[in-house]
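Student: With the hints as constraints, model all of the structure from the sequences given.
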Amino acid sequence: MYEGVVQDLIDELGRLPGVGPKSAQRIAFHLLQSDPVDVRRLVSALTEVTEKVRFCSVCGNVSADDLCRICRDERRDVSVLCVVEEPKDVVAIEKTREFRGRYHVLGGAISPIEGVGPDDLRIKELLTRLADGAIGEIILATDPNLEGEATATYLARLLKPLGLRVTRLASGLPVGGDLEYADELTLGRAFEGRRLLDV
Amino acid sequence: MDQNGAMPLYRDEAVVLRTQKLGEADRIVTFLTRERGRVRAVAKGVRKTSSRLGGRVEPFMQVDVQFYEGRSLDVVNQVETIGAYGLGIASDYGRYTAGTAMLETTERLTETEGEPSLQLYLLLVGALRALSAGEHAPALILDAFLLRSLAVAGWAPSFTDCARCGEPGPHRSFTIASGGSVCPPCRPAVATAPHPATLALLAALLSGDWDVADSSEERHRREASGITAAYLQWHLERQVRSLRLVER
Chain A
1 MYEGVVQDLI DELGRLPGVG PKSAQRIAFH LLQSDPVDVR RLVSALTEVT
51 EKVRFCSVCG NVSADDLCRI CRDERRDVSV LCVVEEPKDV VAIEKTREFR
101 GRYHVLGGAI SPIEGVGPDD LRIKELLTRL ADGAIGEIIL ATDPNLEGEA
151 TATYLARLLK PLGLRVTRLA SGLPVGGDLE YADELTLGRA FEGRRLLDV
Chain B
200 MDQNGAMPLY RDEAVVLRTQ KLGEADRIVT FLTRERGRVR AVAKGVRKTS
250 SRLGGRVEPF MQVDVQFYEG RSLDVVNQVE TIGAYGLGIA SDYGRYTAGT
300 AMLETTERLT ETEGEPSLQL YLLLVGALRA LSAGEHAPAL ILDAFLLRSL
350 AVAGWAPSFT DCARCGEPGP HRSFTIASGG SVCPPCRPAV ATAPHPATLA
400 LLAALLSGDW DVADSSEERH RREASGITAA YLQWHLERQV RSLRLVER
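Just so you know, the sequences run in chain order A and B.
Here my numbering is used: position 149 in the first sequence is 149, and no number is missing along the way.
Just add 199 to wherever you are in the second sequence, counting from 1, and you've got my numbering.
Read the hints as simulated data drawn from the structure, not as lab findings.
Note that the structure is predicted; figures quoted are calculated from it, not measured.
Virtual Cβ for every residue (Gly too), placed ideally from N, Cα, C.
Treat the hints with caution; some may be incorrect.
[Claimed, not checked] Below, a list of computed lysine-lysine pairs in the BS3-like style, where the Cα atoms sit at most 27 Å apart:
no.	chain 1	residue 1	chain 2	residue 2
1	B	Lys220	B	Lys247
2	A	Lys88	B	Lys247
3	B	Lys243	A	Lys88
4	B	Lys220	A	Lys88
5	A	Lys95	B	Lys220
6	B	Lys220	A	Lys22
7	B	Lys243	A	Lys95
[What the hints assert, rightly or not] Pairwise CB distance ranges (calculated):
no.	chain 1	residue 1	chain 2	residue 2	range
8	A	Gly193	B	Glu417	35 to 43 Å
9	A	Arg165	B	His434	46 to 54 Å
10	B	Pro207	A	Lys124	49 to 57 Å
11	B	Ala224	A	Asp11	45 to 53 Å
12	B	Gly353	A	Thr47	54 to 62 Å
13	A	Gly108	B	Pro207	33 to 41 Å
14	A	Lys124	B	Glu417	39 to 47 Å
15	A	Asp178	B	Trp354	49 to 57 Å
Tutor: Below, the structure is given as structure tokens:
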């Protein structure tokens with residue numbers, strides 16, 4: 001045990017995900033030996049994040065303002081909407097530079113066993129966004145696991161009658177892997193979703 | 200570790216009941232195994248797209264799995280698919296909600312880890328197969344599973360003979376606390392009187408008479424579902440969360 005404030009710091013750091021007591025101690029001593037300017041920069045970043053960051057009132061992504069950067073960007077295609085589970089997924093898709101439409105963050109997936117039903121997600125907000133008729137295609141980009149599939153099924157059933165084009169991200173073989181190591185489910189899905197080669 | 204320094208391994212058939220995120224890319228997977236009852240084990244790196252285990256340790260999957268014994272939790276070592284029921288269930292929202300309620304009930308009925316429950320295992324596999332293939336209405340499969348799993352656990356309800364004295368029925372009155380139908384002399388002060396067709400449906404679901412169950416009317420199915428849910432909650436003494444979200 002260390003004296004008062006040092007131990008407090010170790011305890012607080014130890015509450016972060018993936019940080020055990022030993023790592024917490026190492027980080028605490030690193031901070032104690034660092035330049036106070038660096039530490040203050042970290043402190044102000046933490047304070048700003050807690051005070052300023054909120055969720056975009058349209059898409060639900062993390063944002064510093066009422067509208068996030070993507071919802072404000074007029075160059076983005078308003079006719080395509082990509083539905084994801086978490087803000088982290090927006091970042092993952094943005095990295096591909098393949099998608100120029102806008103996003104809608106649900107805030108999770110339907111999981112009755114965890115007590116999460118459709119009403120606990122931002123589905124009502126999604127329907128409100130569709131009201132003006134500007135959106136023609138919805139891309140369901142929920143996780144390719146069971147909860148994600150079930151959420152996509154639920155949304156597809158809800159959205160299809162509205163006359164929208166509803167698509168789902170393809171599942172299949174990872175790039176750079178060996179075919180023999182693919183599990184039979186993934187391989188089966190890759191067969192289902194095979195496409196014509198245009199050469 | 201044993202004397203040769205090798206990890207003790209064991210192999211079993213299992214159904215995946217639940218998965219929970221652990222750390223960066225791992226999951227804790229709850230299985231109902233054929234030989235060893237409920238087992239919780241870590242599936243390492245399973246959330247990465249490059250995982251060898253991939254979609255095999257998702258809920259509803261019936262798998263042949265090899266574990267090695269860890270210090271606190273066992274670790275999933277190899278998995279082969281026996282029955283891929285996940286996709287057939289997740290592609291229909293009604294099936295998904297009914298199936299989830301089955302998995303949660305199974306977990307509740309196997310409170311002690313490592314205690315074999317072969318009958319429940321076989322019952323669950325049969326129910327998931329029927330659900331995935333769409334053999335009957337999802338809500339009927341769910342109710343049949345719930346009633347039979349309670350019977351396997353030793354809480355078999357009676358829908359014809361008197362649950363107290365065994366007087367041959369059918370009887371008009373019904374109480375959950377007494378265990379089902381009751382004859383007039385055994386009838387407690389508070390008892391309900393479900394529609395006779397509802398009681399016939401419940402008896403059919405418990406015994407597996409699908410001709411009667413499939414031809415039942417919607418209103419009797421609703422009443423039967425309500426009775427089944429109340430009976431389940433009474434015996435489990437805790438709420439099954441996913442029952443609230445079942446689409447009927």
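Student: Now look at each hint and say whether the structure bears it out.
Tutor: Verification of the hints:
no., hint, verdict
1, B:Lys220 x B:Lys247, "12 Å, holds"
2, A:Lys88 x B:Lys247, "15 Å, holds"
3, B:Lys243 x A:Lys88, "21 Å, holds"
4, B:Lys220 x A:Lys88, "15 Å, holds"
5, A:Lys95 x B:Lys220, "24 Å, holds"
6, B:Lys220 x A:Lys22, "23 Å, holds"
7, B:Lys243 x A:Lys95, "26 Å, holds"
8, A:Gly193 x B:Glu417: 35 to 43 Å, "37 Å, holds"
9, A:Arg165 x B:His434: 46 to 54 Å, "48 Å, holds"
10, B:Pro207 x A:Lys124: 49 to 57 Å, "52 Å, holds"
11, B:Ala224 x A:Asp11: 45 to 53 Å, "27 Å, violated"
12, B:Gly353 x A:Thr47: 54 to 62 Å, "58 Å, holds"
13, A:Gly108 x B:Pro207: 33 to 41 Å, "38 Å, holds"
14, A:Lys124 x B:Glu417: 39 to 47 Å, "28 Å, violated"
15, A:Asp178 x B:Trp354: 49 to 57 Å, "50 Å, holds"
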